[in-house]
Amino acid sequence: MLIYSLPLGPALADVNQMAEHYIVYPFMAIGMDVKTLEASQGKGEYQYSKSAEEKSLSGIVYELDWSELLGVKGQLDTEYAVSKVEGENIINQITIRFPDKADREQLIGNISAVLGTPADEGKVEKAPYVYCAKWYKEGILYELQDYGTYIKMHINHAKFTDGKEYNLPEDMFVLAKQKADINGDGKKEFVSIIGKRRYEDSIYMENINILVEPLNGEKGYAISLGEYDGGYLPGMELWDFTGDEIPEVMVSIPTGGSGGITDYYIYSLKDKPELIFDPEKVSVEIEGEFVENYKGKIHARDPKGALDIIATIDLKDRKDVYDELEIYKDGKLVKDMYHELMPYQLYGLIKAVDVDNDGVMELEAYQSVRGCCNADFVANIITFWKWENDGWNLHRIAVEN
Numbered sequence: 030m031l032i033y034s035l036p037l038g039p040a041l042a043d044v045n046q047m048a049e050h051y052i053v054y055p056f057m058a059i060g061m062d063v064k065t066l067e068a069s070q071g072k073g074e075y076q077y078s079k080s081a082e083e084k085s086l087s088g089i090v091y092e093l094d095w096s097e098l099l100g101v102k103g104q105l106d107t108e109y110a111v112s113k114v115e116g117e118n119i120i121n122q123i124t125i126r127f128p129d130k131a132d133r134e135q136l137i138g139n140i141s142a143v144l145g146t147p148a149d150e151g152k153v154e155k156a157p158y159v160y161c162a163k164w165y166k167e168g169i170l171y172e173l174q175d176y177g178t179y180i181k182m183h184i185n186h187a188k189f190t191d192g193k194e195y196n197l198p199e200d201m202f203v204l205a206k207q208k209a210d211i212n213g214d215g216k217k218e219f220v221s222i223i224g225k226r227r228y229e230d231s232i233y234m235e236n237i238n239i240l241v242e243p244l245n246g247e248k249g250y251a252i253s254l255g256e257y258d259g260g261y262l263p264g265m266e267l268w269d270f271t272g273d274e275i276p277e278v279m280v281s282i283p284t285g286g287s288g289g290i291t292d293y294y295i296y297s298l299k300d301k302p303e304l305i306f307d308p309e310k311v312s313v314e315i316e317g318e319f320v321e322n323y324k325g326k327i328h329a330r331d332p333k334g335a336l337d338i339i340a341t342i343d344l345k346d347r348k349d350v351y352d353e354l355e356i357y358k359d360g361k362l363v364k365d366m367y368h369e370l371m372p373y374q375l376y377g378l379i380k381a382v383d384v385d386n387d388g389v390m391e392l393e394a395y396q397s398v399r400g401c402c403n404a405d406f407v408a409n410i411i412t413f414w415k416w417e418n419d420g421w422n423l424h425r426i427a428v429e430n
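Residues in the sequence shown are numbered from 30 upward in steps of one, following our numbering.
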């Protein structure tokens, strides 16, 4: 059985790569026909509904391990609701029922460790359930409902239905959503990343926007990412990078492909929307080359001249490959061959880290260096950046292989 595993912040792997699990990734499963689901996930227990005219398939039940996607251990009762669309049985919702003695607070804690802080959470009036928590991630709404004697989670596409109001396409998805005061007015807002599928069955998103909405339901505003608006299931984090105690919006957009590149952008929304981190403008210059005796020499330097590092990497573990490619012969570089390493000037991963424990986040950024091809990993260049005097300053460079 298989799962399509799609990471959000780090480099996106080949979307056709499958890992050994029993769950088709929810964003792809919803809207999928039953035959395709079963080809990947295997047969489940069929549930039927009856009408005066016919008996029809209403759902498929599995016992599934959701620990990787939801942080909850054990086999969970999972129903894939089915509806008939143009003669095909199509999955329209996933419902998980947790064990009867499950502790709500523990469940929410475990799920939040994977999905992040709930966008909305609290007691509910005038509903069959008494408590609800909602998470938005990668185009999916995960909604936990506590009925008092049992707890369920409904999993659906997170559709954004107010596109026309913001002069945006109507068939958009909420890719991430959180609640925070991001402009310093003392009031929290909903902050979301929204995007549109490029094709009907694609996970590639375009028309990516940051959406800010008041909690009272009034109209907010959208910020287009412009030329940066294409990638695979973008994500979002809110952190204070500038030290003003107001979080900025950090957007991550995996670009796909074997290079493992993810575009990161940081926006301040304090007074007016401002892009304060552009990966093409904040990075170190990297050069590299093969040298004698199966080694790689890497030179990384700050364009401002603050820091500079040279490292030599032992590559003897791939001697046979390099000899076959005629990069080396008996440890000597073969003349007239292309001897440069391939450094990536863009990032594969950026983490928000509080290096000095002052409550203000810094950036820990990774750029990779490859050898004879994209699959030939040589080293990561790790840089640490801090916002100072209205700009990003480099504090440290490290080489990791």
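Hints may be right or wrong, so weigh each one.
[Stated by the list, open to error] Computed cross-link-like contacts, DSS-like style, restricted to lysine-lysine with a CA-CA straight-line distance of at most 27 angstroms:
id : residue 1 : residue 2
1  : K208      : K152
2  : K364      : K324
3  : K193      : K217
[Unchecked claim] Label pairs and their calculated CB-CB ranges:
id : residue 1 : residue 2 : range
4  : K326      : K301      : 26 to 32 angstroms
5  : G249      : E229      : 25 to 31 angstroms
6  : N212      : D383      : 20 to 26 angstroms
7  : G272      : D352      : 49 to 55 angstroms
8  : K208      : D349      : 17 to 23 angstroms
9  : S96       : D349      : 35 to 41 angstroms
10 : Y179      : K299      : 40 to 46 angstroms
11 : R347      : G249      : 49 to 55 angstroms
12 : E274      : K248      : 25 to 31 angstroms
13 : A404      : D337      : 26 to 32 angstroms
14 : Q76       : E154      : 30 to 36 angstroms
15 : E429      : E321      : 22 to 28 angstroms
Since the hints were made in silico from the structure, they are not lab data.
Heads up, the beta-carbon is just placed ideally off N, CA and C, and yes, glycines get one too.
Structure-based check of each hint:
1. K208 with K152: Satisfied, since the Cα-Cα distance of roughly 17 angstroms is no more than 27 angstroms.
2. K364 with K324: 16 angstroms, holds
3. K193 with K217: Between K193 and K217 the Cα gap is close to 24 angstroms, so the pair holds against 27 angstroms.
4. K326 with K301: 26 to 32 angstroms: At roughly 46 angstroms between Cβ atoms, K301 and K326 fall outside 26 to 32 angstroms, so the hint is violated.
5. G249 with E229: 25 to 31 angstroms: 28 angstroms, holds
6. N212 with D383: 20 to 26 angstroms: Since the Cβ atoms of N212 and D383 sit about 23 angstroms apart, the hinted range of 20 to 26 angstroms holds.
7. G272 with D352: 49 to 55 angstroms: Taking Cβ atoms as reference, G272 and D352 lie about 53 angstroms apart, which means the hint holds.
8. K208 with D349: 17 to 23 angstroms: For K208 and D349 the Cβ distance comes to about 55 angstroms; the hint is violated.
9. S96 with D349: 35 to 41 angstroms: Since the Cβ atoms of S96 and D349 sit about 39 angstroms apart, the hinted range of 35 to 41 angstroms holds.
10. Y179 with K299: 40 to 46 angstroms: 44 angstroms, holds
11. R347 with G249: 49 to 55 angstroms: 53 angstroms, holds
12. E274 with K248: 25 to 31 angstroms: Holds, since E274 and K248 (Cβ atoms, about 27 angstroms apart) stay within the stated range.
13. A404 with D337: 26 to 32 angstroms: Cβ of A404 to Cβ of D337: about 29 angstroms, so the range 26 to 32 angstroms holds.
14. Q76 with E154: 30 to 36 angstroms: 31 angstroms, holds
15. E429 with E321: 22 to 28 angstroms: At 23 angstroms between Cβs, range holds.
The structure fails to meet hints 4 and 8 from the earlier list, while all remaining hints are met.
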